[in-house]
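Make a model of the complete structure from these sequences and hints.
For reference, the chains in residue letters:
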Amino acid sequence: MSSDVTSSPSNIHESTTAEKDLIDFGYKQVNKSEKVDFVANVFHSVAAKYDVMNDLMSFGIHRLWKRYTIDCSGVKAGQRVLDLAGGTGDLAAKFSRIVGKTGQVILADINHSMLTVGKEKLVNKGIVGNLHYVQANAEELPFPDNHFDLITIAFGLRNVTDKSKALASMFRVLKPGGRLLVLEFSKPTTDALSKLYDAYSFHVLPKMGELVTQDGDSYQYLAESIRMHPEQTVLESMMKDVGFEQTSFTNMTGGIVALHRGYKF
Amino acid sequence: MPALQVVSSIVELAINTALGLARNSDELVRALSGKCCTLHIQEVDITLSLHFSLPQKIDGKTSSEKRYVDVTIDDPWTEAQKQTILDNHAYVSISINALPELKKTSQLTRLIKLGKLDFYGDLYLIQKLSALFDELDIDLAEVLSQYIGDVPAHWLFTFAGSTKDKLTKHRESIMQALSDAALEEKPIAVRPIMLMNFIDEVKILQAGADRVAARIEKLEKDVN
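These protein sequences, in sequence, are chains B and X. Those letters in the first sequence? Residues 1 to 265, per our numbering, in order. Those letters in the second sequence? Residues 1 to 224, per our numbering, in order.
Derived by calculation from the structure, the hints in this document are not laboratory data. These figures come from a predicted structure and were not determined experimentally. Some clues are possibly wrong.
Stated by the list, open to error - Simulated restraints, written as ranges between beta carbons of each label pair:
#: 1; chain 1: B; residue 1: G216; chain 2: X; residue 2: L123; range: 42 to 48 Å
#: 2; chain 1: B; residue 1: G60; chain 2: X; residue 2: L123; range: 35 to 41 Å
#: 3; chain 1: X; residue 1: I96; chain 2: B; residue 2: A199; range: 54 to 60 Å
#: 4; chain 1: B; residue 1: D37; chain 2: X; residue 2: L140; range: 53 to 59 Å
#: 5; chain 1: B; residue 1: A192; chain 2: X; residue 2: T158; range: 55 to 61 Å
#: 6; chain 1: X; residue 1: F133; chain 2: B; residue 2: K28; range: 30 to 36 Å
#: 7; chain 1: X; residue 1: A80; chain 2: B; residue 2: L196; range: 52 to 58 Å
#: 8; chain 1: B; residue 1: G129; chain 2: X; residue 2: D139; range: 30 to 36 Å
#: 9; chain 1: X; residue 1: I96; chain 2: B; residue 2: L196; range: 44 to 50 Å
#: 10; chain 1: B; residue 1: V204; chain 2: X; residue 2: L123; range: 52 to 58 Å
#: 11; chain 1: X; residue 1: T17; chain 2: B; residue 2: L22; range: 50 to 56 Å
#: 12; chain 1: X; residue 1: D87; chain 2: B; residue 2: A199; range: 37 to 43 Å
All C-beta atoms in this analysis are idealised placements derived from N, C-alpha and C, irrespective of residue type, glycine included.
This is the structure:
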């Protein structure tokens, strides 16, 4: 699955927009400094119904994608894990039980609303003790160098303003021998699935969002941000560019979602 | 879709449901809490890791979610992994046919000697895992009574018990009737004595045929 792609339309696109100090927010172009607030508003709006919507939108399959991510983590008792953009803590909950009392899990999210919902959910589930909550920007992680055995970011990287900067920041805080797992929407591998997926995400998703969260715009943004996110090989090359080694990716559900892996040695 | 993750979800749900229903699950899981047992099922080459934990209590109350085990699917273990296994971990490679025997602690040594069980790590963990599945105390009537009430649950279980007894007796009588009918009323089945008689007759016939063959052979020699 590995690729040797070194440049891509998306990379070029990012560099040209950088010159104008503009960046994608879905299909719109916004000022770089504003994207964080726009994304924050989206997640503030959907935080309360985030889990319900995830189940509805993916027909529950997001649980299997996340489970696969955990299976690929190789995490053991006593290790230190960073769940970035951890949202409502689906991954963090499981990591917390696996690493046990001697380990540590940090659930980090830039969005306070998501963090609050996540914390409430996990405390109600009795997941306390080795789990800590940090409001942090993925581009400037407030942790020491070589600190974590594992970093995961599930459905969060596409919302980050400067993805390369965020990947570099993750590389810095990862221990030598540690691994990064990026679970993110990606590009379907067949045209037929791509068309079906487009129809679903641009016509059904926003309506579903409108019905459940009274916020169709946020789900319109979701569909658009997925299309603007770098495809599989491009993201892999971005990971290589910041120093990750033995990078690879696995497509799931026909490439609708891909899990990227990279190691720091 | 990640198919193996469907399998691990089902296994996890089944174990947690069983442990959630049992009266003594906290006591049984306590010895395994914070530890991990990895099971490699030989025939299907799947490696499942069971990570045990006890449900936390917040302000003296057990959490809303009673989860005792998280199941993950591992890549096949290398020899190096097996040799450097951690203290709080046990690895067992076992045949699918021998899985039920894992419930019996006394059988573990025999399984290892027979080569049906390949083992690394802490044997105590495997013994505790074995005890966990063997000693689960689930009172189904009590579980059901939480949903439908004591009296209906008692009635349902009494009814189920008597129905089971009746069905067993009914099945036995039907089998007896069919057997009698096959042998006596409509002799579609052969009785043992008839079969023995038939075998004797075949033997006599075979002896006669042998004699005729010997006589023909002798006559042929005489003619030549």
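Kindly confirm whether 55 to 61 Å is satisfied by the beta carbon distance between A192 of chain B and T158 of chain X. 58 Å, holds
State, for the Cβ atoms of G60 of chain B and L123 of chain X, whether the hinted interval 35 to 41 Å holds or is violated. Since G60 of chain B and L123 of chain X have Cβ atoms about 39 Å apart, the given range 35 to 41 Å holds.
State, for the Cβ atoms of V204 of chain B and L123 of chain X, whether the hinted interval 52 to 58 Å holds or is violated. 54 Å, holds
L196 of chain B and I96 of chain X - C-beta distance against the hinted 44 to 50 Å: The hinted range 44 to 50 Å is violated for I96 of chain X and L196 of chain B, with Cβ atoms some 38 Å apart.
Determine whether the Cβ-Cβ distance between G216 of chain B and L123 of chain X falls within the hinted range of 42 to 48 Å. 58 Å, violated
Do the Cβ positions of T17 of chain X and L22 of chain B conform to the proposed distance bound of 50 to 56 Å? 52 Å, holds
Per the hint of 53 to 59 Å, is the separation of the Cβ atoms of D37 of chain B and L140 of chain X within bounds? 55 Å, holds
Okay, G129 of chain B versus D139 of chain X on CB: inside 30 to 36 Å? Holds: the Cβ-Cβ distance is about 32 Å, inside 30 to 36 Å.
Hint says 30 to 36 Å; check whether the CB-CB distance for F133 of chain X and K28 of chain B agrees. 56 Å, violated
Range first: 37 to 43 Å. Now tell me if the beta carbons of D87 of chain X and A199 of chain B are that far apart. 54 Å, violated
Holds or violated: the 52 to 58 Å window for the beta-carbon distance between A80 of chain X and L196 of chain B? 45 Å, violated
Range hint 54 to 60 Å: satisfied by the CB atoms of I96 of chain X and A199 of chain B? 43 Å, violated
Consistency note: the structure conflicts with the earlier hints numbered 1, 3, 6, 7, 9, 12.
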